[in-house]
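*Asks:* Residues per chain, in single letters:
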Amino acid sequence: MARLELAGLSKRFGAHAAVRDLTLEVRDGELMCLLGPSGCGKTTTLRMIGGFENPDAGDIRIDGRSVVDLPPERRPTAMVFQRYNLWPHMTVEGNIAFGLRLRRLPRARIEAKVRDVLALVGLPDVARKYPHQLSGGQQQRVAVARALVLEPKLLLLDEPFSNLDARLRVHMREEVKQLQREIGITTVFVTHDQEEALTIADRITVMRDGLAEQVDTPSRLYANPRTLFVADFIGTMNILPARVHARDGVLAAGPWRLALPETPWPDGAEVRLAVRPEDLVIDPAGILAPVRRVMNLGHYLQVLVDVPGVGTVRLFTDKEKAPAEGREIGLRITRGLAFKDGEPVAIGEPARRPADLRR
Amino acid sequence: MSTLWPWAAGTFRRAAGAAALLALASFILGPLLTLLVWAFAGTWLFPNLLPEFSLRWWAFVLGNADVGKAIRMSLMSAPVATLVSAVICVPAAYAFARLEFPAKRVLLLSFLTANAFPKIGLYVSIATLLYRLDLMDTLTGVILIQLINTLLFMIWIPTGTFRAINRNLEEAARDAGAGPLRTFFQITLPIALPGIIVAGLFAFIAAFDEAQGTLIVGTPNHMTMPVLMYNLVLSYPQPVGAVFSILLSLPSLVLLLFAQRYLRAGYLAAGYSL
Amino acid sequence: MSDAALIPRPRRGVGLRQGALGLALVLPPLLVLAFLVAVPAVTAVIETLTPEGGGGLTFANYARVLAVRTLRADIAFTVGITLLSVAVVFALSYPLALYLRFSRGGAARVLGVLFVVPLFVPVVIASFAMITFLVNHGFVSTMLYQAGVRAFPRLVYNGTGIMLTQVWVNIPFAVLILGAGLQAIDDALIDGARDVGAGPVRTFLSIILPLNAVPTMIALTLLFIGVFGSFTIPYLVGGNAPAMLGVTMTNYLTQYLQRAEAVTIAVLAFVIASVVGAVYVASVSRRERGAM
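For the protein sequence lines, the chains are A, B and C, in the order given.
All residue numbers for the first sequence refer to this note's numbering, where the first residue is 144 and numbers rise by one.
All residue numbers for the second sequence refer to this note's numbering, where the first residue is 4 and numbers rise by one.
All residue numbers for the third sequence refer to this note's numbering, where the first residue is 1186 and numbers rise by one.
Honestly, I wouldn't trust all of these hints.
Example chain B residues on the side facing chain C (calculated, C-beta under 7 angstroms, incomplete) [as the list claims (entries may be wrong)]:
#1 S238
#2 S248
#3 L250
Label-pair restraints from in silico Cβ distances [claimed, not checked]:
#4 C/L1394 with A/R204: 54 to 64 angstroms
#5 A/S181 with B/R185: 30 to 40 angstroms
#6 A/R204 with B/L112: 50 to 60 angstroms
#7 A/P249 with B/R185: 45 to 55 angstroms
#8 B/A18 with A/D268: 31 to 41 angstroms
#9 C/A1332 with B/G66: 49 to 59 angstroms
#10 B/A18 with C/F1244: 56 to 66 angstroms
#11 A/R246 with B/E103: 26 to 36 angstroms
#12 A/E325 with B/L112: 34 to 44 angstroms
#13 B/K72 with A/P249: 53 to 63 angstroms
#14 B/K72 with A/D268: 24 to 34 angstroms
Rather than coming from a laboratory, the hints here were simulated on the basis of the structure.
Every residue gets a Cβ at the ideal spot worked out from N, C-alpha and C, and that includes glycine.
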C-alpha cells in the first residue's frame, strides 16, 4: 500500500539535462510505465527513485514521506535490473535470502519466505542452484523474487525483459502483470518498447528529453495523444502535412478536405495531421490513389498507398478485401488529430462540400 | 572463427605452423628441462645426451646453513610484502575503479613511474634513506624493497577487475538493505576475488623474485633466496644452482597450481587490458 | 524558468564526500610510492647536481662520468641490446598474439598455456636455465654435436645471451598486452574488411594494426624500459665488457665504491628511459581518455 510522488525532480549530468522538472504521482497499487526513446531520462528517473542517483532539485515522497535524503538501502523500494543482476557467487537461495539475513530474521522464517516467493514466481526447485545454471528467463524471475521477498512498498523494474528473446519477453510481461495484480504492489516500470508499455501498464508516462510529454492510461494515450511526439511514438501513425482554411472551416491534407470544428489557428497555417491506419478506410467515393505495396502481416494486411501531395500512407485491411498492387483505391479519413502548438484539434467527418473547395 | 585465420589454411602452412610451434616449445621449455636434468645430475660430461644421475647435490644444498636461512628469510618477507600490498592497494583499486575524485587519472598513472625508473638508481637512493631510518639490514627494509615491485600489479589488475563488475550487482545489494561497507565485503570483493588472487600471485612472484635491491639493503644478514642464488650461480658447480632453482620455484609453482583455474578464466588478460 | 520555483537541493556534499573517500583510499599506496620512489628519485637527481661540499649547481658529475670511454661504450651497448631485444620480442609476440586471438585449434590451446610459463619463473632461475641451455658444452652444444656439428656458436656471456634471455622472459608479457588489445577488436570489423575483399595482409595492415595501436605502443615502451633497466639478466648471462648499465651502476657502487658515479649513471639511465616513458604515458592517457 503505497503512493509515490515526484515533485519537480531534476537531474543534470554535466551539460546534459537528463530529467527536467518532473512531477508525477503513482497511485497505490498502480503499475506506472515510464516510456520513451533511449536518453529520454526514464532510467535516470527510476534510479533516482531507487536512490542510486541524487536529484539536483525536487523531492521524492513515498506515502507522503520524503525519501530523497535516504541511501538506497534505507528506502522501501526494490529494483529489478536489466540483466546480470544475480550475484554469481551465491545460490538462488543465497541471493533471495541476502536482504532477509540483513534484517536478522530467524532462519526458519527466511527459509519459509524464500520457498514462498520462489513458488510465487513459479520456480519451486531452483533454490540450491547457481545463477549460471539457470536460463535467462529463470534468472529474471529469481531477480523479481529477490526484489519481492523484502516486501517493498515500491517495485522498480528497469527494462527487465530487454535481454530475453521475443517470445519469452511477451510471456514474462504477462506473468509480471499477473503477479503485480495479485499482490497489489505499486510498481514503476521503465521500457522503450511501446507495445510492452501498452499491454502491461495501468498508466504510462511518455518521456522525451527529460520531460514528461503525457501521463495517461494506455487507451487514452492511443486515442488522444496530446503531442505530435506521443502520437508518433505510440502505436502506428500516419503523419500528414496539412493546411488550415479558416474561413471555410476546412483542413486540407493533400487531396483530402476535412471539417475543422473550430479555428484556433490563422488562415493558411501549416499543421501536422495524425491519422491512425484504422481511421483510413477504403471507400470508392474517397480520394483515389495507387496502391504501392500490400504486406501480409498474418491475420491482416498492411497496405501502403501513395497519395499525391501527402506521401505514402499506411492502413490495415482484412485479407478478403485485398487490393491489388498498382491499382487505384479510394480512401477516406474518418478521424484524425491536427497538431500545431498547444492542444491538438480533433478532426471528424469530411467537409460537407468538398467540391466547392477544389480550386 | 577459423575463417578469420586464413594464415592457418593449407597443408604447407599447417606444416610450417607445426614447425614454428615445435621451435617455440623447445625455446621455452628447453632451458627449464635442461635445468631439471642438471638438478639430478652427479656429473654430466659433454657430449653425452644424459648425465649420470645422483641426488648428492640435493644433500649438499639442503645441508647448507645459508640455504636454510635464505629460505626462512624469503618465506618471511615475500608473503608479508604481498599481504601489505593487498591491504593498501585493493581499497585504492576500488577507489580508482568506482569513485570520482580529483586528479584520479594522474594518480593512477603515477604508479607507472615505479616501472619507468631504472631500479638500481632507486635502490641506491633508498639505501641512503633506509640508512638514516636505521632500517638497513633489517627484515622491514627488505619488505619495503619488495613492496615497490608489487604495487603496480596490486593496483592495475584489481582496478581492471573492479571496473568489469556490473554496478547493478552492487546496487541490488544496496537495494536489499546492505550499506556500502557490507556491499563491498559481501558482494564486490567475492566477485572480484579471482582477479585479486591473480594480482596477489603476480605480486608474490615479484616480491619473492626481488634480488637486486635486497642485495644492497639486506646484506649481510638478510639474504633472501634469489640473492643467495647469485652467489650459487657464480661460485658453485652447475647442479647446485639447478637444485636451488627448483627450491626457488616451488612457492610460485604451488601458487600457480592453486590459482590455475582463475588464470584460465581470462583474468590474466583482463588485468593487462586495463 | 520553472526550476526557480523549486527549493534547490544542492547535492554537492555527496560529490565532496566521495572525493574525500576516494583520496583517502588511494593515499596509502601513494605514500608508499612517494616514500620509496619519488623521494629517493628526486634525492638522487639533486645529489648528482650538487657540487661536493654543497651549494650551487654543477654538471661536473655528468661531465666526469661521460668522459669515461668504457662507460660511453656501455651506454651504446645497452641501447643497442635493448632495441634488438625489443625488436625480436615484438616480432615473435605479434604473430603469436594474432594466432591465439584468431584460431581455436588444439595447437592454439597448447600455445596458450605454453607461452605464459616464463611469467612464473623467477628471472634469476630463467637466467641460470638459459646459461645451462646455451653455454659452450651445454644442451644446445650437445644437440649440435649429436647432429654432427663441431663448431659451436658463442651464445652466452655476451650480447646474444642477454638478448635471448630477455626474449624468453618478456614474451608472455608482450603477448598478453597485445592479445588483450586484439581481444577488444570486434570480429565484425575484421569480417567487414574481408567482406569488401581485403586479403589477410591488407586486413592486418589497415584494420588490426591501427586498431591495436595503443596497446602496441604500451607494449613497446614497457618492454624498452624493462629491458633497458634490467640487472639480473645482464649480470648473470652477459659478459664483462661491454656491460649493460644496470650492471655498470652496481659495479660502480659495490666494486669500485664510487657512489656518486653510480647515482649519476642511474640518473642518466633514467633520463633515457623517461624519454621512452613519456611515449608510454601519452599512449595510456590517450586510451584513458578514449575510454571515457
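*Asks:* A separate judgement is required for each hint: does it hold in the structure or not?
*Replies:* Now the hints, each set against the structure:
{"no.": "1", "hint": "S238", "result": "violated (12 angstroms)"}
{"no.": "2", "hint": "S248", "result": "holds (4 angstroms)"}
{"no.": "3", "hint": "L250", "result": "violated (10 angstroms)"}
{"no.": "4", "hint": "C/L1394 with A/R204: 54 to 64 angstroms", "result": "holds (57 angstroms)"}
{"no.": "5", "hint": "A/S181 with B/R185: 30 to 40 angstroms", "result": "holds (33 angstroms)"}
{"no.": "6", "hint": "A/R204 with B/L112: 50 to 60 angstroms", "result": "violated (45 angstroms)"}
{"no.": "7", "hint": "A/P249 with B/R185: 45 to 55 angstroms", "result": "violated (20 angstroms)"}
{"no.": "8", "hint": "B/A18 with A/D268: 31 to 41 angstroms", "result": "violated (54 angstroms)"}
{"no.": "9", "hint": "C/A1332 with B/G66: 49 to 59 angstroms", "result": "violated (40 angstroms)"}
{"no.": "10", "hint": "B/A18 with C/F1244: 56 to 66 angstroms", "result": "holds (60 angstroms)"}
{"no.": "11", "hint": "A/R246 with B/E103: 26 to 36 angstroms", "result": "holds (31 angstroms)"}
{"no.": "12", "hint": "A/E325 with B/L112: 34 to 44 angstroms", "result": "violated (55 angstroms)"}
{"no.": "13", "hint": "B/K72 with A/P249: 53 to 63 angstroms", "result": "holds (56 angstroms)"}
{"no.": "14", "hint": "B/K72 with A/D268: 24 to 34 angstroms", "result": "violated (60 angstroms)"}
The structure does not agree with the numbered hints 1, 3, 6, 7, 8, 9, 12, 14 stated previously, though it agrees with the rest.
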